[in-house]
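A.B. asks: Residue strings, one per chain:
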Amino acid sequence: MKLTEQEVRYVAALANLNLSDEEVAKMCEDLGEVLTHMEKLNELDTADVDPMAQVLYQAGETATLGEDIDRPGIGPEAALSNAPLAGGGFFKVPRVIERA
Amino acid sequence: MTIPSLTVTGIRQGLADREFSAVELAEEALRFAQAENPKTNAYLHFCPERALAAARRVDERLARGENPGPLAGVPVAVKDVILTKGVRTTCGSKLLANYVAPYDATAVIRVEAAGGVILGKTNCDEFAMGSSTENSAFGPVRNPVAPDRVPGGSSGGSSAATAQGTAVVALGSDTGGSIRQPASFCGVVGVTPTYGRVSRYGLTAFASSLDHIGPFARNVHDAALLLQAMAGRDECDATSAFAPVPDYTAELGGQVRGLKIGLPREYFQGLASETGDLILKGVETLKRLGCDVREISLPHTEYAIGCYYIICTAEASANLARYDGVRYTWRSPRSETLGDMYRNTRGEGFGAECKRRIMLGTYVLSAGYYDAYYLKAQKVRALVARDFSRVFQEVDAIVTPVSPFPAFKLGEKLDDPLEMYLSDIYTITGDLAGIPCMSVPCGRTGAGLPVGMQILANHFNEAGMFRLAGAFEAAGGFEA
Chain C
1 MKLTEQEVRY VAALANLNLS DEEVAKMCED LGEVLTHMEK LNELDTADVD PMAQVLYQAG
61 ETATLGEDID RPGIGPEAAL SNAPLAGGGF FKVPRVIERA
Chain F
101 MTIPSLTVTG IRQGLADREF SAVELAEEAL RFAQAENPKT NAYLHFCPER ALAAARRVDE
161 RLARGENPGP LAGVPVAVKD VILTKGVRTT CGSKLLANYV APYDATAVIR VEAAGGVILG
221 KTNCDEFAMG SSTENSAFGP VRNPVAPDRV PGGSSGGSSA ATAQGTAVVA LGSDTGGSIR
281 QPASFCGVVG VTPTYGRVSR YGLTAFASSL DHIGPFARNV HDAALLLQAM AGRDECDATS
341 AFAPVPDYTA ELGGQVRGLK IGLPREYFQG LASETGDLIL KGVETLKRLG CDVREISLPH
401 TEYAIGCYYI ICTAEASANL ARYDGVRYTW RSPRSETLGD MYRNTRGEGF GAECKRRIML
461 GTYVLSAGYY DAYYLKAQKV RALVARDFSR VFQEVDAIVT PVSPFPAFKL GEKLDDPLEM
521 YLSDIYTITG DLAGIPCMSV PCGRTGAGLP VGMQILANHF NEAGMFRLAG AFEAAGGFEA
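Residue numbers (this note's numbering), protein chains in the order written: chain C, 1 to 100; chain F, 101 to 580.
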């Protein structure tokens with residue numbers, strides 16, 4: 001199986017990922033090869049198997065519920081400390097809405 | 101003191117005998133690590149201020165006559181996907197080259213509370229995706245045993261530092277074998293604990309249902325002590341386990357006579373290689389120690405690779421969505437609109453392997469494919485886990501190879517992603533089932549390359565796993 005360029009570009013758009021033409025061409029091959037291997041799972045009849053949604057859950061249903069107590073977070077200054085662009089206590093991004 | 105051959109026990113003794121202070125040890129360990137690091141590129145950066153502050157706290161405790169902690173003064177390396185407050189944490193990615201973590205991972209807090217001295221952060225595959233540490237944005241790591249070869253991955257910096265002696269122990273992370281495989285390639289001990297045994301809080305998320313933090317060390321005892329210090333419930337990670345943490349080192353030196361060991365047929369088929377021969381010699385050692393070795397079957401093994409790469413890429417595509425140029429340091433300068441900013445930042449920032457996994461994960465989760473891939477994989481994961489729980493009714497531990505081959509040459513497998521994925525076959529099953537597993541050195545090939553034996557145990561039976569590994573190590577591994 002090989003993915004088409006169109007399929008690769010569609011998935012890249014879903015993932016918000018810019019790919020060069022060379023990258024798209026290589027993805028068609030690479031993804032196709034791996035997805036073909038993944039199709040091996042279809043050999044198994046899993047109609048009666050529940051999906052493994054939890055890795056380990058041996059405690060009671062409410063065991064992981066914490067007390068509802070107020071705890072300090074890391075604070076806005078620390079949260080913004082790695083922002084590429086910040087101001088007025090916010091993350092700044094390119095304009096989304098045009099001014100009328 | 102000889103830095104590269106220090107052990108946790110030796111450091112404890114040296115501090116108690118006033119042979120050296122924790123600060124003297126930290127200064128000497130930093131000097132040695134910084135001088136030796138260019139040979140391997142194992143460390144990405146050092147944090148001397150933090151190390152010396154931790155060492156001073158140990159000396160102060162000793163001066164007051166207090167217990168300085170089980171890891172007192174021990175030089176520790178931390179994989180650069182684990183957050184260290186005030187210290188750069190790059191995840192091996194260009195995107196995070198200047199990211200300074202605003203808080204500490206729980207494991208880091210616990211290691212320092214136990215007296216550990218963190219020297220610096222170690223190189224790894226970008227966002228822990230890879231099996232060779234060649235996917236780092238900051239250059240590959242060389243294997244200290246054979247400098248033209250890879251150290252394994254993704255925690256290759258941590259395994260190399262431990263083997264090279266530039267750290268006494270190290271923290272790594274394992275999603276599909278990223279602790280055990282590099283431990284095997286570098287000839288050190290590496291442990292992936294039960295899922296939830298160590299808090300993931302502050303571990304940069306790759307695949308949340310598969311991610312673990314675990315220890316590297318040059319012997320089983322030190323690995324057990326480091327895991328002990330990190331393990332236990334943490335309110336900051338809802339998946340961290342409540343189960344009490346036993347005294348792991350108390351089990352070392354215990355009897356292994358009569359332990360039932362399973363050799364899975366599926367793992368040994370077609371393993372006609374030096375690696376296979378060394379593992380079988382290791383099994384002979386276990387028999388001489390009185391273990392009851394028998395063949396077992398884990399029938400869903402051949403489906404594990406496909407299952408793993410669906411689940412891990414799906415989770416990765418979601419976890420990596422946050423690196424969009426808004427919050428995490430790097431933003432593409434070419435960003436006129438918000439959408440451009442997202443797409444350009446990610447397109448220019450991520451390396452080839454991360455892009456491949458984001459694409460695979462997005463594909464298997466996309467409309468129309470979810471049931472066929474992701475849901476199917478979650479069901480197959482249940483079957484893989486069921487294989488193990490059935491077998492652990494019959495045996496106490498399972499023994500297998502860690503990798504089909506020893507450390508390969510730099511660049512040798514870079515062009516074939518599927519082949520690289522297939523080489524994870526022996527390690528991913530333990531992660532899928534969430535059981536504890538480890539690599540313990542099992543001799544070297546004719547060319548002098550280390551080979552690791554994998555021991556897998558049932559959920560939360562780290563103590564039994566360490567007991568077997570400790571007895572194997574004490575018996576001289578395969579050479580006994």
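Source of the hints: derived by calculation from the structure; they are not laboratory data. These figures come from a predicted structure and were not determined experimentally. Please note: incorrect hints may appear among the correct ones.
Unchecked claim - In silico lysine-lysine, DSSO-like type, Cα no more than 30 Å apart, as pairs:
| no. | chain 1 | residue 1 | chain 2 | residue 2 |
| --- | --- | --- | --- | --- |
| 1 | F | 139 | F | 479 |
| 2 | F | 479 | F | 194 |
| 3 | C | 26 | F | 194 |
| 4 | C | 26 | F | 185 |
| 5 | F | 194 | C | 92 |
| 6 | F | 479 | C | 92 |
| 7 | F | 479 | C | 2 |
| 8 | C | 2 | F | 185 |
As the list claims (entries may be wrong) - Just a sample of chain F residues kept apart from chain C, beta carbon distances all over 12 Å, derived:
| no. | residue |
| --- | --- |
| 9 | 335 |
| 10 | 357 |
| 11 | 436 |
Positions of the beta carbon are idealized from the N, C-alpha and C atoms, including for glycine.
A.B. asks: Would you mind marking each hint as holding or not holding in the structure?
C.D. replies: Verification of the supplied hints:
no.: 1; hint: 139/F / 479/F; in the structure: violated (45 Å)
no.: 2; hint: 479/F / 194/F; in the structure: violated (36 Å)
no.: 3; hint: 26/C / 194/F; in the structure: holds (22 Å)
no.: 4; hint: 26/C / 185/F; in the structure: violated (39 Å)
no.: 5; hint: 194/F / 92/C; in the structure: holds (21 Å)
no.: 6; hint: 479/F / 92/C; in the structure: violated (42 Å)
no.: 7; hint: 479/F / 2/C; in the structure: holds (26 Å)
no.: 8; hint: 2/C / 185/F; in the structure: violated (45 Å)
no.: 9; hint: 335; in the structure: violated (6 Å)
no.: 10; hint: 357; in the structure: holds (30 Å)
no.: 11; hint: 436; in the structure: violated (6 Å)
In this structure, the earlier hints numbered 1, 2, 4, 6, 8, 9 and 11 are contradicted, and the remaining ones agree with it.
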